[in-house]
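Chains as they are written, first to last, in this note's numbering: chain A, 1 to 147; chain B, 1001 to 1147; chain C, 2001 to 2147; chain D, 3001 to 3147; chain E, 4001 to 4147; chain F, 5001 to 5147; chain G, 6001 to 6147; chain H, 7001 to 7147; chain I, 8001 to 8147; chain J, 9001 to 9147.
Calculated from the structure, these hints are not laboratory results.
Here the structure is a predicted model, which is why all the values come from computation and not from measurement.
Yeah, the Cβ is synthetic: ideal placement off N, Cα and C, and Gly gets one too.
Check each hint, because a few of them may be wrong.
Unchecked claim - Not everything, but these chain C residues come out facing chain B in the computed CB check (under 10 Å):
1. Gln-2030
2. Leu-2047
3. Gln-2049
4. Asp-2061
5. Gln-2125
6. Asp-2127
7. Pro-2128
To be verified - Anything over 12 Å on all C-beta distances counts as not near chain H; from chain G, calculated:
8. Glu-6005
9. Asn-6017
10. Ser-6022
11. Gln-6042
12. Val-6052
13. Val-6093
14. Thr-6099
There are 10 protein chains.
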Amino acid sequence: MDRNEVTQKIISAKVRNKLTWSDIAKKIGQSKEWTTAAMLGQMTLNLEQATVAKSLFSLTDEETAWLQIVPYKGSLPTAVPTDPLIYRWYEIVSVYGTTIKELIHEEFGDGIMSAIDFSMDIQRQADPKGDRVNVVLSGKFLPYKQY
Amino acid sequence: MDRNEVTQKIISAKVRNKLTWSDIAKKIGQSKEWTTAAMLGQMTLNLEQATVAKSLFSLTDEETAWLQIVPYKGSLPTAVPTDPLIYRWYEIVSVYGTTIKELIHEEFGDGIMSAIDFSMDIQRQADPKGDRVNVVLSGKFLPYKQY
Amino acid sequence: MDRNEVTQKIISAKVRNKLTWSDIAKKIGQSKEWTTAAMLGQMTLNLEQATVAKSLFSLTDEETAWLQIVPYKGSLPTAVPTDPLIYRWYEIVSVYGTTIKELIHEEFGDGIMSAIDFSMDIQRQADPKGDRVNVVLSGKFLPYKQY
Amino acid sequence: MDRNEVTQKIISAKVRNKLTWSDIAKKIGQSKEWTTAAMLGQMTLNLEQATVAKSLFSLTDEETAWLQIVPYKGSLPTAVPTDPLIYRWYEIVSVYGTTIKELIHEEFGDGIMSAIDFSMDIQRQADPKGDRVNVVLSGKFLPYKQY
Amino acid sequence: MDRNEVTQKIISAKVRNKLTWSDIAKKIGQSKEWTTAAMLGQMTLNLEQATVAKSLFSLTDEETAWLQIVPYKGSLPTAVPTDPLIYRWYEIVSVYGTTIKELIHEEFGDGIMSAIDFSMDIQRQADPKGDRVNVVLSGKFLPYKQY
Amino acid sequence: MDRNEVTQKIISAKVRNKLTWSDIAKKIGQSKEWTTAAMLGQMTLNLEQATVAKSLFSLTDEETAWLQIVPYKGSLPTAVPTDPLIYRWYEIVSVYGTTIKELIHEEFGDGIMSAIDFSMDIQRQADPKGDRVNVVLSGKFLPYKQY
Amino acid sequence: MDRNEVTQKIISAKVRNKLTWSDIAKKIGQSKEWTTAAMLGQMTLNLEQATVAKSLFSLTDEETAWLQIVPYKGSLPTAVPTDPLIYRWYEIVSVYGTTIKELIHEEFGDGIMSAIDFSMDIQRQADPKGDRVNVVLSGKFLPYKQY
Amino acid sequence: MDRNEVTQKIISAKVRNKLTWSDIAKKIGQSKEWTTAAMLGQMTLNLEQATVAKSLFSLTDEETAWLQIVPYKGSLPTAVPTDPLIYRWYEIVSVYGTTIKELIHEEFGDGIMSAIDFSMDIQRQADPKGDRVNVVLSGKFLPYKQY
Amino acid sequence: MDRNEVTQKIISAKVRNKLTWSDIAKKIGQSKEWTTAAMLGQMTLNLEQATVAKSLFSLTDEETAWLQIVPYKGSLPTAVPTDPLIYRWYEIVSVYGTTIKELIHEEFGDGIMSAIDFSMDIQRQADPKGDRVNVVLSGKFLPYKQY
Amino acid sequence: MDRNEVTQKIISAKVRNKLTWSDIAKKIGQSKEWTTAAMLGQMTLNLEQATVAKSLFSLTDEETAWLQIVPYKGSLPTAVPTDPLIYRWYEIVSVYGTTIKELIHEEFGDGIMSAIDFSMDIQRQADPKGDRVNVVLSGKFLPYKQY
């Protein structure tokens, strides 16, 4: 058994029982963004959260233990994603990557925007010309230091 | 001559003359995000904007004409970027890609968040534990249709 | 269980029962192009369509639920397709890609032809020198905007 | 000298002189699709066409000779194209490739749609919800034979 | 079930029953080259041929139906083949590819040698210095046309 | 200087002077297949042949010396060729590779068809339905030995 | 069933029964190098050898038949091997490849060292500074010929 | 300037002056294998050796200094080599890699054959059936240790 | 059965029984670094260690035998690792690789730092600004020799 | 001009003038590790440091300005490095990557060891069996947070 099998089982149970990620997040007690990532095998649950998941998805004891183990992360099957929705994000990195780099360096100097001390918020913005997906990414700036 | 040579010339002039992207953006009359992408060879300038750039970077007539041609986009030299700042964005797509997909589909149904009808805003958020980079991405939702 | 297994089951049932995609499309009530893509795991069915599919292919309740979930898209096993028929399309992109880009930009300016707000129609055109495959692709033009 | 250098020279001259592909096509005496592909180094010109190009782009005798040599085809720098407009076509192959395959085989049997005995027509279709790009691809069906 | 499973079953039966491809071809009633390709999952059988195969390899009705479906072609597990015999053919394409291109263009003009309207004949040629493998490849020349 | 530069110079001279490979081969005194491969940088010329080439293409002494050095072989810029004519050969290896392997092993046992002790002959075969390219490949069979 | 399964079964039996390759080779009656390669699915056994293997590893009749079929060769899971011992050999090819090429050409002219008419002998050489692995590779030189 | 340019200059001088690697090795005072690798940019020369090379190839002071700098090693342009002679060595690693691994482990236990404390000797072995290339590779065995 | 299956079984047992690597290492009697690598299928256990593992993880006799076989090493599923923690190490090699090379060569001359005669020690270093991971890597320097 | 050209110029000057990285570091006033990385184009210098470099390497004003621009990082030409010294580090990540991951998670929980808030110290450790390279890597632990 590995974490992927637990993830598959969770997704199957979600489809079968017609649950939403928002509902699951409320029961887990975290944001829908973190919770979905955790259920998809990218984050580590604590005992309490794993116990909620166990009950929600009818997991065994061993499956519940796996949720508390730090997973091998990376959720995509290919280096360049084929799914159109996910590819659009890859395209943003491809087209705007050097722009993002230039502007963060101009404001902060040499360093990076953390993808670990990081949060994400996805919201619908109503718009008469067609609703928009608004995503706020917030990451701590980490400077390179001299030594 | 191609657009890359013009981009290289613009970057060289910017370094030599110690300009900032924010200053350039004010002169071009657009956001710093769009302007930087345009100067890095990812967007198309109109005649007025190209004329400003011509003067700012001492471009020739042919170089100025190239700025008004739609470029072959994609700013990164490798499919998986090696630069740590840009890689963190690739990692966000890798780790959170399926999460983003699930949550947009849950809210909007099948479709994508456009990377064309799209804007980006990068801001510093002061934080006593270390300032944060906040990035707002806004893209129109485009639904798949049945036919 | 995942969508691929449902797709495999549908294809197996189609082969075994000697159904055609055109017949299936008529029962689903959409074009043969959209219906085939949906049955091959690239599109999302609504409840009514999934119920037709359930009956056509003897699916279980969970399999029917999977058809209503947005799938991870991308139908090919390799980045450069090995199948000769599909490769010819890849070759068209390889040989004519820059031509298509130039001509759409010349007519519309900077932007893309949408692959989401998109439809396709495949027809046989009789020809004494050998019948031809005629394919009409129709995609909304989406302009890049300045901001 | 090779064909790429001639292509670069033609594109540079086109940008500098603000020519359009449609105008060039009229002078060459072929469709805008074929002419653009030829000027971008994918097709072979005959003597008469090359002579027109020589005059239009101020080519030397050797450059004009290169236009009459069959080129090494393939116009894209990477196997998966990074340019958003061209990528959308790659995505169509990725998402709809198996659909196209199934429907052509259902109508014609085993074989391919030729990418050689092939023509393409790109047109603007006015639409109140946003104009559309309509592309008609026409390729001879070539059956696999038994022997 | 998919075609690969049928192919595996056919190969297993051939090994177990110590059949030769030549014998199988005689029973199928086609050349040994076409028949082997068909049995290895690259060609489509008609009803009569599939019925012979059914009997030869003890196939089920569904397996027999799969043989009459156009397969997803491409018989090799990697883009650059590792098997020494097959690699030698890849090497011929690598070393002599531009030579073949030049000589066909010199004789026929721009176009290709078809891999669809194509046949192959493999024969042993006795030679005192060591027997030779002689392979005749015959493909229709398809010219690029102007339009 | 390296062999590629000499190859480029030879091709440029051939285009400029409108020579054919057949003519060059007659002057070199070998088949058109071998001669073309040699001129394209895949084979090694002897002194006499190099002297003919020197005169035909106005080479310098050092360039003539390079023709007599064994080159680093491989004439294609990518592992999967993008040129349609050359790709068709790659497709033959992809689709028929396992067939070729099976039939050679059935006739000869374990071993390979040599790509070194090898010759190739390319001929036009007139055909009322469209002329054909006939290619005869002849390679010595080399058996694996036990030891 | 395919050859890989037979190979896996042989390796499992070897581990379980604590056999050595040298012992197996003695029973098969060939060198330890050839025998190991054969047992690992790279060489073809004759009937007598397969019968010994059948008894040694408790193979079924069909598994024994597979050993007499020419296998699809290539024993490594990735193009650049990850195992440190095997990587060192890949490194030798990477670092010394052009050296080997130059010296063989200097001695023999244009051609290759055969990997088919080839044998290998691996021996321990005692050395007070640490024992050494000595490997003798012997391959027939095959010259390129002109035609 | 970098080491590659020096390597190119050395090779050019060797071709122009019709030197052999054996002669160069004698003047450098090392084996032909080590010397060739060093001249091809894979090994580091000491002052005395570099001075001989300076004189042999008419190098400048800076070029001579580069020969004494440890180079970035790896002599091949692609991960899977295209040159037939070098490919045969890659094939040996591909086909026999697991065999070599098994036999070294059987004799020495876990560890590797060093590619650093390593030497190579390439010799012609006369053979009435065709001369053979014999290569002796000798590398120190380095055991993995427990700690 | 192969080593991967044993590794999976060990990891499953560790998760199920909530063991730590430190505890396991104490029972095996080696460092936590070596022991973890061994349990993850990268090192070879001796009989005594394998017997401890057999008891700890309830292994069968055959599984215990596999632990004493030298494994095919390499613990990552992709050439560029997707897991953020492991990627950071890959990034260190990417960003600092040439620095490490320069400084080791400056101190030791041409050669390598062994990854075989190698040990690693991972420790927590308390730090008021956030605890640090300190890793000491120690590898024997192996010089290239001339011959 | 770009940063790579400045890097090349610095390395050339270092070779020509026989400087050591340690000497350069003392003049720059930082550790030899940071300084070497900065000179190799991976770190950003401040005005004072750039002024020292300008004088040491005879840089122009524009070249000196480039040293103060944050570079596009990544110092290796291929994803899997070919240089033996650098490859050994890649091998450590490949073989021990999952071990490092497990042990850091066991000690710290889910998160990463920073490659930004990071330092490195490379030292020679005398050893009678052969001197060792000791490298201390120190990176801040950054925990994933729930939100």
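Given Pro-2128/C as an interface hint, is its Cβ closer than 10 Å to any Cβ of chain B?
Violated: closest Cβ of chain B sits about 32 Å from Pro-2128/C, beyond 10 Å.
Let me know if the C-beta of Gln-2049/C comes in closer than 10 Å to any C-beta of chain B, holds or violated.
holds, 8 Å
Outside-interface status for Ser-6022/G - nearest CB in chain H farther than 12 Å
Given a closest Cβ separation of 7 Å, the condition is violated.
Check on Thr-6099/G being off the interface with chain H, judged by Cβ distance over 12 Å:
violated, 4 Å
Take the shortest C-beta to C-beta distance between Asp-2061/C and chain B; is it under 10 Å?
Hint violated; Asp-2061/C Cβ to chain B Cβ min 21 Å, cut 10 Å.
If we take the beta carbon of Asn-6017/G, is the closest beta carbon in chain H still more than 12 Å away?
holds, 15 Å
Can we keep the Asp-2127/C interface hint, with Cβ of chain B closer than 10 Å?
Violated: closest Cβ of chain B sits about 27 Å from Asp-2127/C, beyond 10 Å.
A closest beta-carbon separation below 10 Å is what the hint needs, so does Leu-2047/C meet it against chain B?
violated, 13 Å
For Val-6093/G, is the shortest beta carbon distance to chain H beyond 12 Å?
Given that some Cβ of chain H is not farther than 12 Å from that of Val-6093/G, nearest at about 5 Å, it is violated.
Verify that the Cβ of Val-6052/G lies farther than 12 Å from every Cβ atom of chain H, and report whether the claim holds or is violated.
holds, 18 Å
So is Glu-6005/G really clear of chain H, every C-beta pair being over 12 Å apart?
holds, 16 Å
With a cut-off of 10 Å, does the beta carbon of Gln-2125/C approach a beta carbon of chain B closely enough for the hint to hold?
Status violated, d = 21 Å.
When the structure is compared with the earlier hints, violations turn up for hints 2, 4, 5, 6, 7, 10, 11, 13, 14 and for no others.
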